[in-house]
Amino acid sequence: PVWAAGEMVLPSLVYRTGAYAPNGVPFANGVSDYIALVNAKGGINGVKIKLVECETGYKTDVGVECYEKLKGEGATGAAVFNPLSTGITYQLIEKTWVDKVPVHSMGYGRTAAADGRVFKWTFNFPTTYWSQASAVIKYIGDQEGGMGNLKGKKIAHVFHNSPYGKEANPTLEILADKFGYELIMLPVDHPGQEQKATWLQIRRKKPDWVFMSGWGVMNQVAIKEAAAVNYPMDHFIGNWWSSTESDVLPAGDAAKGYKGANFHGAGADWALHGDILATLYGGDKAKAGGKNFGEVLYNRGIVNAVFSTEAIRTAMGKFGDKPLTGEQVRWGLENLDLTAARLKALGLEDFTNPVKVTCEDHETMGPVRIQQWDGGKWVYVSDWIKPMRNVVRPLVERAAAAYAQEKGITPRKCDGSD
Amino acid sequence: MLYREAGQFKSSYGADQAVFPIAQDRWFIAAAAVFAFVVVPLIADDYWLQAILIPLLVYALAALGLNVLTGYAGQLSLGTGGFMAVGAYMSYKITTAFPELNIIVVFLFSGLFSAAVGIVFGLPSLRIKGFYLAVATLAAQFFLIWLFNKVGWFYNYNPSGTIDAPPRAMLGVLITGAEAQPEVKYLTALSLLSVFALLTKNLVRSSVGRAWMAIRDMDIAAEIIGIRPLRTKLLAFAISSFICGVAGAELFALHFGSVETLAFDINLSFLILFMVIIGGLGSILGSILGAAFMVLMPIALTNLFVGGLGMQAVTAKHTEFMVFGGLIIFFLIVEPHGLARLWQIAKEKLRLWPFPY
Amino acid sequence: MQMAAAKEAVAGAPLLTVNNIEVIYDHVILVLKGVSLEVPEGGVVALLGANGAGKTTTLKAISNLLRTERGEVTKGSIEFQGARVDSLSPNDLVKRGVIQVMEGRHCFEHLTVEENLLTGAYTRGGKRAEIDRDLQMVYGYFPRLKERRNAQAGYTSGGEQQMTAIGRALMSRPKMILLDEPSMGLAPQLVEEIFDIVKRLNQQEGVSILLAEQNTNIALKFATYGYILENGRVVMDGDAETLGSNEDVKEFYLGLSAGGRKSYRDVKHYKRRKRWLA
Amino acid sequence: MGVLNEFFVLPFLDIAEAPLFFIEVIIGGLSAGVMYSLVALGFVLIFKASGVFNFAQGVLALFAALTLVGIMEWGVPAPVALLLTAAVMVGLAFAVERLVLRPLVNQEHIILFMSTIGLAYFLEGLGDTLWGSNVKKLDIGIPEQSFEIGGVLLNQFELVAAATAGTLVAVLAVFFHYTRVGRALRAVADDHQAALSVGIPLKTIWVIVWSVAGIVALVAGIMWGSKSGVQFSLSLIALKALPVLILGGFTSVPGAIVGGLIIGVGEKIGEVYWGPALGGAIENWFAYVLALMFLVFRPQGLFGEKIIERV
Amino acid sequence: MSQPQKKIGDTLLKVEDISLSFGGVKAISGVSFEIKEQEILAIIGPNGAGKSSMLNVINGFYHPQEGTITYKGEARHQMRPHNAAKQGIARTFQNIALFKGMSTLDNIMTGRLLKMRRNFLWQALYWGPALKEELAHRERVEQIIDFLEIQAIRKTQVGRLPYGLQKRVELGRALAAEPDLLLLDEPMAGMNVEEKEDMCRFVLDVNDEFGTTIALIEHDMGVVMDISDRVVVLDYGRKIADGSPDEVRGNKNVIDAYLGVSHD
Ligand SMILES: Nc1ncnc2c1ncn2[C@@H]1O[C@H](COP(=O)(O)OP(=O)(O)OP(=O)(O)O)[C@@H](O)[C@H]1O
Ligand SMILES: Nc1ncnc2c1ncn2[C@@H]1O[C@H](COP(=O)(O)OP(=O)(O)OP(=O)(O)O)[C@@H](O)[C@H]1O
Ligand SMILES: [Mg+2]
Ligand SMILES: [Mg+2]
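Chains as they are written, first to last, in our numbering: chain A, 1399 to 1816; chain B, -2 to 354; chain C, 34 to 311; chain D, 3 to 313; chain E, 519 to 782.
Since the hints were made in silico from the structure, they are not lab data.
Each hint can be trusted.
DSBU-like cross-link-like pairs, simulated, lysine-lysine; straight-line CA separation at most 30 Å:
1) C/K160 <-> D/K205
2) B/K90 <-> A/K1805
3) B/K126 <-> E/K633
Model the full structure from these sequences, guided by the hints.
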């Protein structure tokens, strides 16, 4: 293809087909709308972003194919990959350090990549599953009237029986030791359309809280089953891939009261949304609605796109206002400092928390907020909750060190020498 | 009238039993080998190697393995993904436990583990047949995946639950790991495929292969002429899972570099089975053609729809599904016995050319 | 070659005409190379020939079962009662009264013998009483089947299956039966009986019959007219007596030498082969 | 010792301790089993009547449910929408017969199996193109409340599902065994060519079974779709039907229901009582292992037609 | 050509009081007879008399409820078919049981399977001893192909062969095993006179040249009377006659049960 001068390529691996399309579609729409808006306003410092979608169907091998196809696309190559799948992220982590393209797995992927000394090319800010788990426990403690009251309580973890679903387990276990709650592990096999056994066990063991790391159809079924065994919905908390519109809508009224973690806002009440609605949809709300406008995952797509474009903008500060290479964008990611003021300028005040990435910390351990489904929309029921860094960070560093050893990687010093 | 066997007389049974008895075929194969081993690495770019050719070769190897079991021995199996997982996880275990061991040897050892597992799950085949067996082999698929997911030992207890291929070199050339050259990975996969294809071809044209086919075509009669069904079937399971195990190890170490059990889920089993059927049951060439079809066709369609016709990625994908499904049915109708048979008919026509028959 | 003579020899209008058909399997294997034949209304016509001559193929071409074997008629035409039937489905043909008894029995293994017979009456709809009567008729012909009526066909003996297959065809009340080697695997007594049945059907019910048969002896005894097929071509035809008295037919199809029937023991070490066409 | 205890003592103690809960587990198993049966039934129908192992059965259920929801979204009342969807499924049956089955008549089972894979791809693409890939809520007014009787929790929805499956099975079993068409269906499954030769119209037969199977798929789609929303994952329910299929027998309508119940109850008991000792999520393979154990004794499944072995 | 005088030897196989039933169906009840070395024994009888079942019993595919079988002086119990094959019993089938997907050559080669020794690792290499063995057996098989005059169809897939040739290939496969006892189930069904002559010639030659003992089932009385040394007649699972062809032909029971009219 011929590339217009002054254009740079942002690849977008999406899954608008397959079992997880209900999640993939809103996300992809959020990304593409935001980029369209940026372009409509003249691009980033005059550089237009060419968003190239590649359909993965959430399949790892297709994701790799997309990566290989897009990594060299455009005059300067791909800016940054957002694999949108833990499986694909794992594949790309290694490839990218050879190809010198950064990967940003926002709130998924390999948690250990938070250690930027080992994972130079991989970023997973603003937060990870481990951080999230600690924040959710904090929330529960809060609800119980203080962390001390967790002692003797029962917390069940219903999780997708895959590396993704199991991510939170070590953190939850450590915290169980620390706070003295009883942890009940309930794995659910993919795809999770049948969870009778799981919910029978919940009915029997009567946990005080249920935390869920689910994915796809598993969430919808879990919510229905929870209602069917009369589990109190407001004690049932999903992680941020388990608390979206697609998860609660099929359950209808049963889902009322269900909670979920999130690291950004839900709804369309931000200035940016108004901007998008006006610029891209000519104010036609119905048309925008068809594109999942304002849904949780749509908003997550926006956050993701904001991070990418802001990182590019940061990099331009150093390398000049022109299309940048992946290597340059990596620098932008590592030096990203998205302040509250900048967010406000973007029309996203308090939409997500400020982020400051460093060489050591590619995660930033951003705070998490709990939202609740009121039957028609998500509403916040907590303030921003800071994860327990003292618990999580050592885990991260240990895992990263083990990885480095296995792969024979010498960690960076982060003193500016590399 | 270039493709003729006239004038090529075979003076010994040995010559008659050669893999390619016709000279033109031999020339063609030699040319293809030169092309694959020499020309391709020179001209193919990263995308072709990493995204298309390496997976193609790996899948072709797996398809070859399954073809031994299903195409030759007639035992329908949906456990391929599980057996490949055994290969992958065992190669990880072996190479992390013995970092000095040559990676090719590691592959072969992982194959042995896979073969052992294959034998265990092949036991029910004595009594269970056809689609019943196919569904029963799903027990292997689900159990193995569950096991590798569950037992931390298999992934060295690392918290992410995935396994990563460490860099390993042979004769000073890196073969696995991110830094290994795609060309090297490609040649490794190609060599392994060629060797296994040749060995398998030899097997299926000797008495073991005939015993398999006998069991496949009519197991009772086979038993009556003296073939021991269980032993023959188990040998097929063992060899098939051996090859699949090696393919699994390759998929992990050469292609992906990092996998979780999801990579070996039931869809992989189905995919390999489709390759075998589309390519041609009971045909070595078919395994390769089938793999090529299943790997290349979707990519070609996507590139056609997105690149060529400028469709949206989603619409393209949906259309691709429909066209791909339609193509499968179309090819089956044109030739139920697969692409390999189609190729053979083409050759036969060529032989008769310019006469229609 | 002797079409004209053939036409004269048979009485009545032709019920079935096969006109110079050519059949190819799998797009490449040419099996029938221009076969023509006729079956007159009410006639019994035998189709003779060595293994692989194309008898079965001819019958399948007529009953339109070829397509299921990836074979097709590439030239020529087939007419039944004056109308072309080459493109009818087998089911329509059965409805018009042409049914084939396939070589190699082809019983429905998992159905009982009786259910097998009843499937034969499928095209006749649900006329219970009539069908019951015909069922009794078939049992009358083959008492052995009555004994085994509730056995799964897959477990009956070869001969029992053959009877089932023939009985099944009779259940459709055909106008014309294409019989492919009915005598195969039947005890001598039964062979006679089957041909008696065939004859009775022919004479009493006016069913026409096209018969592919290796047992030339008996075929020529019951048939009025015969065709000899070799290598996919009709090499000779004539009425049964003429054929029966032809020297070559005698020697190669009837096993009669100049001095009467020769013993199988004596043919041992020498062998002369003759083919009409190379 | 500890292991033995965990596997052979504790689970039984557990059961004895809370018998009411055990009953609940069994009921849970039964109701899950009924849902599996619904899917298995579609497979059985098609296999029985054409020897085709229909890989597309799951996608068929998805397609049916999608169509139903899609039509309901136009504002059509549920009963009318149901009829319209049924009509679409019949239309689909015609298309499948003409475009897939007819050209492949008399081919080996595995080839037909493969062709249904092509069909699955096609329908998946078609469904997405026509109706989009969002999760859609399906509500045709089946009550969903739970209630307790004597301390045992029951769910109305599950009772409706059980009743539906029971009725379907009864009707279909009668249809297969006692009608002329039913007999013809079984004949076709045995030998396409012979069936043709006796004048059984394969076309009609195939259209009938695929229509019936399509409608059964619609029922399955409704039941499962009400639970999880209508979306692509619905097509994966086919996997849950496979152990049921081999346990009950590929060719038996009653087998589908009995097999479903056994698998349902077996896997729930396994998961609830033995699962914890093994780390949980054993349901999937446990169902297959359970089915395998039955198969070793009856290779054709509990009610399947005996595999004829003769020379 | 001078015919070597045939000498019929001792009992090779003895069947005593065999009874076999399937559920309620009694396929064989209390049948006894013997097969002597190098003889050609014909088993005849109406359809469903239990002839094929008898062969199945002899080669271990069916296990009779009662009775004993003594082969080469040893009584056997519950034998699996492949063991029978190992002990030198080969057979052909009434419903052709060839391996449809394989060529004629390969089908006949399977008959030699028991004689091949190299394990699969050697075979995978297809080299050295394995190759030598393969070629040696190929040579033997080619002799059989020549003998049966099926050179032209050597490489044809057997599923496509006409019925009669398939029967011939089946015979070839059985011969390839170089059996001591050859069981033939209606080898000449579906053949015309000329082809039957061929088959008879093969059967007689095998019997003469290799001294193979043959038990055959056949409905063509001409063939049975001409080539067999002895005839056993079954009816409804019982033996109703046993003797030389001439004795049997004249036997009233046999005529009633089987022949219908007397055959000359
Ligand atoms: N499905 C098929 N595919 C390819 N070739 C076939 C097929 N069926 C038959 N033939 C070939 O067609 C020729 C004629 O076969 P056909 O079965 O018609 O012979 P026939 O006269 O009935 O012989 P027989 O007496 O043995 O039954 C044979 O050479 C056979 O090999
Ligand atoms: N496996 C079986 N199960 C049930 N019945 C059987 C089985 N095998 C044979 N039979 C029955 O036993 C009887 C004898 O069968 P067999 O095949 O031995 O007859 P046969 O003498 O060979 O007859 P034919 O000349 O018709 O081949 C038949 O009635 C048959 O239905
Ligand atoms: Mg024939
Ligand atoms: Mg018999």
